[in-house]
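**Q** The primary structure of each chain is shown beneath.
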Amino acid sequence: EAAVTQSPRSKVAVTGGKVTLSCHQTNNHDYMYWYRQDTGHGLRLIHYSYVADSTEKGDIPDGYKASRPSQENFSLILELASLSQTAVYFCASSDRGDDEQYFGPGTRLTVL
Amino acid sequence: GDSVTQTEGLVTLTEGLPVMLNCTYQTAYSTFLFWYVQHLNEAPKLLLKSSTDNKRTEHQGFHATLHKSSSSFHLQKSSAQLSDSALYYCALNTGNYKYVFGAGTRLKVIA
Numbered sequence: 001e002a003a004v005t006q007s008p009r010s011k012v013a014v015t016g017g018k019v020t021l022s023c024h025q026t027n028n029h030d031y032m033y034w035y036r037q038d039t040g041h042g043l044r045l046i047h048y049s050y051v052a053d054s055t056e057k058g059d060i061p062d063g064y065k066a067s068r069p070s071q072e073n074f075s076l077i078l079e080l081a082s083l084s085q086t087a088v089y090f091c092a093s094s095d096r097g098d099d100e101q102y103f104g105p106g107t108r109l110t111v112l
Numbered sequence: 001g002d003s004v005t006q007t008e009g010l011v012t013l014t015e016g017l018p019v020m021l022n023c024t025y026q027t028a029y030s031t032f033l034f035w036y037v038q039h040l041n042e043a044p045k046l047l048l049k050s051s052t053d054n055k056r057t058e059h060q061g062f063h064a065t066l067h068k069s070s071s072s073f074h075l076q077k078s079s080a081q082l083s084d085s086a087l088y089y090c091a092l093n094t095g096n097y098k099y100v101f102g103a104g105t106r107l108k109v110i111a
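Which chain is which? The protein sequence lines are Y and F, in order. For the first sequence, this note's numbering assigns the number 1 to the initial residue and increments by one for each residue that follows. For the second sequence, this note's numbering assigns the number 1 to the initial residue and increments by one for each residue that follows.
Chain Y with its partners taken away, still in its complex shape (with noise of 0.2 Å):
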């Protein structure tokens, strides 16, 4: 079965601060996608890649970073975090653009 994994689960940041989500998968997919989940909202995309070295920003893009320096890794970087920030963090990747996602457990994040 497909695997992502995230790290950190949960953390609590401070307003300004730096945060840097990790993401790593095991499937061999090319495709990878970050999302952050809030009540009312669903799913929303940040940022997305399909290669080793490229990045594209998603829907809500402002205030995120991402970086992809091999297949099986993701990064999500918030330079300065917000309190709007707080939110549930996945990070999902699939074979095709078109096909399934498999999802990673979440990252908790709380900016304070």
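No lab work stands behind these hints, which were simulated from the structure alone. One thing to keep in mind: the hints can contain errors.
Once the Cα atoms are required to be at most 25 Å apart in a straight line, the calculated PhoX-like pairs of lysine-lysine come out as [what the hints assert, rightly or not]: (1) F:K98 / F:K108; (2) F:K68 / F:K98; (3) Y:K65 / F:K98; (4) F:K49 / F:K98; (5) Y:K57 / F:K77; (6) F:K98 / F:K77; (7) F:K45 / Y:K11; (8) F:K45 / Y:K57.
Covered, in the sense of this in silico footprint (three residues per stretch, anywhere, with C-beta under 8 Å from a C-beta of chain Y), are these stretches of chain F [said to hold, decoys possible]: (9) 40 to 50; (10) 68 to 77.
So the derived label-pair ranges between C-beta atoms look like this [as the list claims (entries may be wrong)]: (11) F:E8 / Y:D62: 27 to 35 Å; (12) F:S30 / Y:E72: 29 to 37 Å; (13) Y:D30 / F:A111: 27 to 35 Å; (14) Y:E79 / F:H63: 39 to 47 Å.
Glycine residues also receive a C-beta, built at the ideal position from the N, C-alpha and C atoms.
Given the coordinates of chain Y, work out where chain F should sit on it, guided by the hints.
**A** Below, chain F without anything else, positioned relative to chain Y:
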């Protein structure tokens, strides 16, 4: 742009009653529709997917039929179980990398 609408934020049902969760979408492109289920404190997982017009898709007792004429992909089950309580997302993919998710419907099944 592309969008997915799930009209019910919360659906509460008594065990044994039928389930129907609504999903409509808007897109100008070819369509792949998905239902994902997310149990409490877990990751979303694929429940159903379809790209074929008017074809019923079934999995784990749930079924859905993609109707392109009405842009709908409603999720149904004949008899709700307590274990069906979860958050359900309808999602759209237009044949490229990008998925659009609805806001989600929380299904609560009570005894």
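**Q** Are the hints correct? Go through all of them and say.
**A** Quick rundown of the hints versus the structure:
With a C-alpha separation of about 30 Å, the suggested pairing of K98 (chain F) with K108 (chain F) is violated against the 25 Å cut-off. Note on K68 (chain F) and K98 (chain F): the hinted pairing holds, with a Cα-Cα distance of about 19 Å set against a maximum of 25 Å. Taken as a hint, the K65 (chain Y) and K98 (chain F) pair is honoured in the structure, with Cα atoms around 18 Å apart against an allowance of 25 Å. A threshold of 25 Å between alpha carbons decides the hint, and for K49 (chain F) with K98 (chain F) the separation of about 15 Å falls inside it, so the pair holds.
Among the hinted pairs, K57 (chain Y) with K77 (chain F) is inconsistent with the structure: their alpha-carbon atoms are about 37 Å apart, more than 25 Å. Restraint check: the Cα-Cα separation between K98 (chain F) and K77 (chain F) comes to about 28 Å, which exceeds 25 Å; the hinted pair is violated. Only pairs whose Cα atoms come within 25 Å are accepted, and K45 (chain F) paired with K11 (chain Y) is accepted, the gap being roughly 24 Å. For the suggested pair K45 (chain F) and K57 (chain Y), the alpha carbons sit about 24 Å apart, so the restraint of at most 25 Å is met.
Interface restraint, the stretch 40 to 50 of chain F with chain Y: holds (6 residues with C-beta to C-beta distance below 8 Å; minimum three). Figure legend: the stretch 68 to 77 of chain F, annotated as covered by chain Y; annotation inconsistent (0 residues with Cβ-Cβ distances under 8 Å, at least 3 required). Taken as a hint, the range 27 to 35 Å holds for the pair E8 (chain F) and D62 (chain Y), whose Cβ atoms sit roughly 30 Å apart. For the pair S30 (chain F) and E72 (chain Y), the supplied restraint of 29 to 37 Å holds, since their beta-carbon distance comes to about 30 Å.
Between D30 (chain Y) and A111 (chain F) the Cβ separation comes to about 45 Å, which falls outside the hinted range of 27 to 35 Å. Taking the beta carbon of each, E79 (chain Y) and H63 (chain F) are about 45 Å apart, inside 39 to 47 Å as hinted.
Violated hints for the displayed structure, listed by number in ascending order: 1, 5, 6, 10, 13.
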